[in-house]
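Trainee: These are the residues of each chain, in order.
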Amino acid sequence: MANDNITNKQSLPAVTAADFEPVNINERESEVIKRESLTAWRDTWERLRRNKVAMTGLVALVVIIIASILGPYVAYWVHGYDYQTNDLMATNQKPSALHWFGTDDLGRDMFVRTWSGARISLIVGVAAALIDLLIGVIYGGIMGYFGGRVDTIMNKFSEVLYAIPYLLVTILLLVVFEPSLGTIILALTITGWINMSWIVRGEIMKLKSREYVLASRSMGAGTGRLLFRHLLPNASGPIIVTLTLSVPNAIFAESFLSFLGLGVQAPISSLGSMVENALTGWMYYPWRMLFPAVLISVIMLAFNLLGDGLRDALDPSLKNK
Amino acid sequence: MARYVTSKLLYTLLSLFILITATFFLMKAIPGDPFMSEKEVPAPIRARLEAQYGLDKPLMTQYVNYLGNIVQGDLGISMKKLNQEVGNIIGQTFGVSLRLGLIAVVVSTIVGVALGLLAALYHRKFIDSLVMVVAVIGIAVPSFVLASLLQYTFGLKLGLFPITGTKSLLGYVLPVMALSAGPIAYIARLTRSSMLEVLNADYIKTAKAKGLKWPAILWKHVIRNGILPVVTYVGPMTANVVTGSVVVERIFGIGGIGKVFVDSITNRDYTLIMGITLFYGIILMAARFITDIVYVLVDPRIKLTSGKEG
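Chains R and L supply the protein sequences, listed in that same order.
Okay, so the first sequence: first residue is 1 according to the working numbering, each after it adds one.
Okay, so the second sequence: first residue is 1001 according to the working numbering, each after it adds one.
With the rest of the complex left out, here is chain L:
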């Protein structure tokens, strides 16, 4: 186990290193530099500025410094927001996104598993088809489309929920719906197929035969065994929620990190873009890493090899 975790960790770090290297050299490939503005900067001042930020050093030295800074959690200074550190901007806005994302994750897991379970229990009945239709639509409709349509129907036309902001609790309803639709659809499909398999297993027949009550069978045998594939979905779900939150925050005017990201792209605030990209990258890779580990912990049947299939 320890060996497996170490090798997974090493690969994750290697991937992260590639991403960091890519961000650095891509940033260098951008024409122009941070000190370009409408006003011409006099040469001596420019030289001093470059010395201050270490831009006068050779590329490889800059690269090593960049790596060192990132290890210390220093992501540099925003190019467009005066004197604001990228790390601080992320720190200030991440809380909002995290709260939204966590609610979405919890909602999608509960609703998704419940829907999938219902569909499996009523296999080939009306409820099953209904859940599958919802699941297919949930996968097909992009989050930004869903968010816009929800905002229009429930926010504007029906006036049930606030159109923007998360000042009140009600404000969370629409963004969370938009964020969790995709994950719900995936989890429902995963749960359904895995539960169907479990329901046909011999040990369920045994449990029935020995006279166990149905709720007990469901809880002790069906759900416990059928929930496994959902665990593998932790990684992709994080990716969905993160990318989804970028647009959902933009649409619902929520001041989280996603909105900052969209704004930084629009303003071409390169250091901010790179910083948030790295931040997102770390979250996503960590999620994938945790998924790999948790999956092995939950299911001892999985062989501890390279484990790509796991």
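Bound-form chain R, shown alone:
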């Protein structure tokens, strides 16, 4: 009835079957994937690459890493001094062609010391984060995979340990044991791994009830295969983000400890101890503080930016959180 109405009012031409053309649906063709298929990692990388802030962080990090590796050698090659060569005739020099960042109170070159200090910071940060990763994945993996009583006991234990303030434990250990690169990293990792283990635990618990795990298990896969082939690779996103964000924490802790005089000992330089050292004469020699202070801030900033960007890239639903 309604149809009649319309045709009457607008008097449309009659439509016959001849007006229609059959669309050739080639079923095979419609199933072909036109867009290049991207792996999860390519996809993540594409998202990360479009994030200008995170890329700035990444580029800054790469530059800093290269500079901290090569910087001291370049200065040695050009001028012939290393981080502990001192020239008592040229103390507290302003930045010049000979000393690019000036010299400190003992006449040591600040350019070399700043970059080798950055090297120490990076080594401590990355090494502590990697050890945290190793312990955290094992401990968290066991908690998450086995669950039940094992999980309860291990989780309570980590909670009790976590409640102990971590910088205090670190300070205590370094007061008692001779501070060196090894003891600092060790002290930082004593409670540092707990956060990572919780992340891993949560992910594994979430993933282990997925169908693909069940499928793999029903085909006879053992614990090792399930963990390393299915669970951990799928949990790698949050693990990588936690890893990236725990590096600046360790770097901060290292510089804080060096500032207190509990870091690597002189004559080896550390950004924290350089800032502390510069405090005595900062009224007259501000550049002695400026270079290490700015560099440590830039390193922490870069890791934070990259970590935030990675989080957004790995899980776009978390954006703006």
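In case anyone wonders, no lab produced these hints; they're calculated from the structure.
The beta carbon of each residue, even a glycine, is placed where N, CA and C say it ideally should be.
Each statement offered as a hint is correct.
Chain L is nowhere near these chain R residues, computed Cβ spacing over 12 Å in every case: (1) I25; (2) W41; (3) V59; (4) D82; (5) L88; (6) F146; (7) G147; (8) R149; (9) S180; (10) M219; (11) L226; (12) G237.
Heads up, incomplete: computed chain R residues facing chain L, CB under 7 Å, no partners named: (13) A163; (14) L167; (15) L172; (16) S255; (17) F259; (18) P286; (19) L301.
Guided by the hints, dock chain L onto chain R, whose structure is given.
Mentor: Using the frame of chain R, we list chain L on its own:
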């Protein structure tokens, strides 16, 4: 609720016990003893001294005594400051640090929430980006770096504020700025993301639809609901302010407990180090404990289980 509080309290006490045990045995691991000095102490005197301080007893007896002393609030005697009790030193200097810390906490909460709220209200506008930039920098710059740079620019170059000391009210400005930068950054980020969530909630649309005035919506609905995550930050903020105050006091020459701590580390005054470590430990653990409790009180939706996520 009572069960939750008791179990949290038990875990906190257990952690504290581990820390105390660690301090005791680490102290014992240090080579040498309190009576070592430049002058050789004659054996009889040394024996009497050891008897006086109970150092001649077996390790386990010493440990039990140590625990008993701590329960009574006795932290021992400073090794480097003659005849000064650790407890007294802490008592004399803590007030200064507490005042500084409380001001920093209040300032960071107010400024942080205000910044986060502004950023959320002007989401994806210029103010939002500006606040986020400030927040990222605040998180990245270590407190000792910030303190030194503030002291140089505002204290020395511009001469706006005193370089050291807190004799006048103006003296507090720079230390408080240095202390609260990190917390402000964190609180601003937390507030922003939580407010954004609240602003998109249905009940805000309802409030708008029924013709409620914007200030009323903001106060009654947005801020009330969006402030929750800030509460969880009480614990970490205390940790930030405490560790921050250690270096900030050193840089600005403020005679608080932080400065004593740095000095005790430099002098290797072991009993003082251990005492202040324990003191800090108690504060930090108490803060975390309170956070857990307050969070449950504020948000009834949180399940009263072990509550690590809370």
